[in-house]
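As a plain string of letters, each chain reads:
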Amino acid sequence: MPNQDLLLSWLHTLVEATANVAFALSGLLAGIRKRLDVVGLCVVMGLAAFGGGTLRDVLLDRRPFFWVDHPVWLWILIAAGVAAIFLLRSSHFEFTERAIQWPDALGLGLFAASGTQLALAQQLPAIVAVLMGVVSATFGGILRDVVCNEIPTALRDRRPYAVCAFVGGWVYVLGVQFTWSPGAAFLLAAATATGTRVGALLSGYELPSGRDTRSHE
Amino acid sequence: MPNQDLLLSWLHTLVEATANVAFALSGLLAGIRKRLDVVGLCVVMGLAAFGGGTLRDVLLDRRPFFWVDHPVWLWILIAAGVAAIFLLRSSHFEFTERAIQWPDALGLGLFAASGTQLALAQQLPAIVAVLMGVVSATFGGILRDVVCNEIPTALRDRRPYAVCAFVGGWVYVLGVQFTWSPGAAFLLAAATATGTRVGALLSGYELPSGRDTRSHE
Amino acid sequence: MPNQDLLLSWLHTLVEATANVAFALSGLLAGIRKRLDVVGLCVVMGLAAFGGGTLRDVLLDRRPFFWVDHPVWLWILIAAGVAAIFLLRSSHFEFTERAIQWPDALGLGLFAASGTQLALAQQLPAIVAVLMGVVSATFGGILRDVVCNEIPTALRDRRPYAVCAFVGGWVYVLGVQFTWSPGAAFLLAAATATGTRVGALLSGYELPSGRDTRSHE
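Chains as they are written, first to last, in UniProt numbering: chain A, 1 to 217; chain B, 1 to 217; chain C, 1 to 217.
Worth flagging that the hints you see were computed from the coordinates, not collected in a lab.
Glycine included, each C-beta is placed from N, C-alpha and C at the ideal position.
Worth double-checking, as some hints may not be accurate.
Reference excerpt, derived from the structure (chain A facing chain C, CB under 8 angstroms, subset only) [what the hints assert, rightly or not]:
#1 36
#2 43
#3 147
#4 148
In isolation and in its complexed conformation, chain A is listed as follows (with noise of 0.2 angstroms):
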């Protein structure tokens, strides 16, 4: 079926870039946020947006990086840097991380997705695959904040992120299983991943926490 194929490469093309630009966008804010330099900004913004893609690539020895393959992002990223700067000197810019909610959300399932599929085609146990989409969509935002010297956010928010990604690697391990297309089951479990975490952030759910932290701080 090379239409097929033809549609999930361009899929997996679009997804990366749009899961590329909202990750990185996360980083610019928290660099922002933390009165780094232009360099600070790149290099949040490249953790962010590669880290966890690559992080998941060191873990299962599999080379080229997403970076190697495609440096023309690394360009994008080091423009984008610069151009925040001097952005920033014209003190109206001001963009929250309210507005880049909804791409990240995309990102974390197609993240989760293409994670989980490339370590199951490594015939990795299950719950291994799963944990590589939950690294994949998680470990750019965990190495952000930890570069930028605070615990990561996804870590002690509440809001399920890592959550989401851990169901829709699920959803792809099912489709599997029961010999869907590979189309349709990564379709189904980035949907599933991006669907939770658009429900969860407009329903304001939290998950449980040992003990309620909400009056301390």
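Knowing the structure of chain A, use the given hints to seat chains B and C on it.
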């Protein structure tokens, strides 16, 4: 000597189990202290338990990782993270660092010995092999503390920990040099690391430090 | 040209030695400031000296690491960490960041050139190769600061550092493009990175930053 091989393999499994539980519990304690959510608890437990061994395997270019070979541990970690959240809600639940320092000392010995063994099997220089044992034993805790936004305990508390792994590793190297049986070298190395750690804990011995810092903290 | 090869190899060794000592000393300073114990000093020195090159080699899937090939450096690091603890006790001992910024600039040039060279030898795209040089030169310091629980200096102090490595890397790429001899390209690239760094230090030049932050810190 198939019997000895069997004993070694069984010992390895038992060792890894004890070490993993102790290391994961240290992650759980750190995560609770930082008020992480359920995802954060699972990630920090996973880093504490598997981070050191996984970093060692990445450096040695060795696959599969322990948690890929034994994926049941991933389920145990997730179950423990979820259970901890619910146990914490009944606020009577209390457990302390002190309670896990003995199984943790056991883990220290076993990781030091097995890390050194794996690196020596790759014909690496003795000092590199010993440091691979130290990395296995300590970097789980270091990654745990970095993600929790703390200066790692292992680097500043002046309690011998990495030093015990270092001494144990050299015992293994000497054992191999003197052509002891691998099992005997392994056991003696692990016992040395664990024993020096237990001795340090019981005696309150502190490593030399540049200036006396106790009065300032 | 065996003579040139010999010169290059000898230069490489000298370069690595100077860079390692300067980078390790920056780790020592950071560790002392954070009141780490002797283990902490050794770990932070090791991260500062070998972290950048090791991360580059993990990303390039390249073995053996520098410190596996030259394990004597591990002994030097450990000896330096132990010596530092005892020197610190005689409180007259004092040395400053300023004293190491010149050998550090030399290290910057040499790591930028060698990182770019190693990546180009793997046929990676030019921008990736240049960034591998930047990673070699800067990530030791970034890992040092992350472990010391600081936002990395390289990302926020607005002093050109990564930028100098970036410029030097491009000189190497251009040199190869114009088929200069590898030795000439290497030397000119390293000299450019070191020279721009020294120029920036002497002139007090600062990178553009979003908003003026000097008054707030």
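- Was the hint right that residue 36 of chain A lines chain C, CB cutoff 8 angstroms? 5 angstroms, holds
- Message: Hint residue 43 of chain A vs chain C: min CB-CB distance below 8 angstroms?
- Response: 6 angstroms, holds
- Holds or violated: is the Cβ of residue 148 of chain A closer than 8 angstroms to a Cβ in chain C? 6 angstroms, holds
- Item | Status of the hint placing residue 147 of chain A at chain C (closest C-beta pair under 8 angstroms) | 6 angstroms, holds
Going down the numbered hints, you'll see the structure goes against none, and every one checks out.
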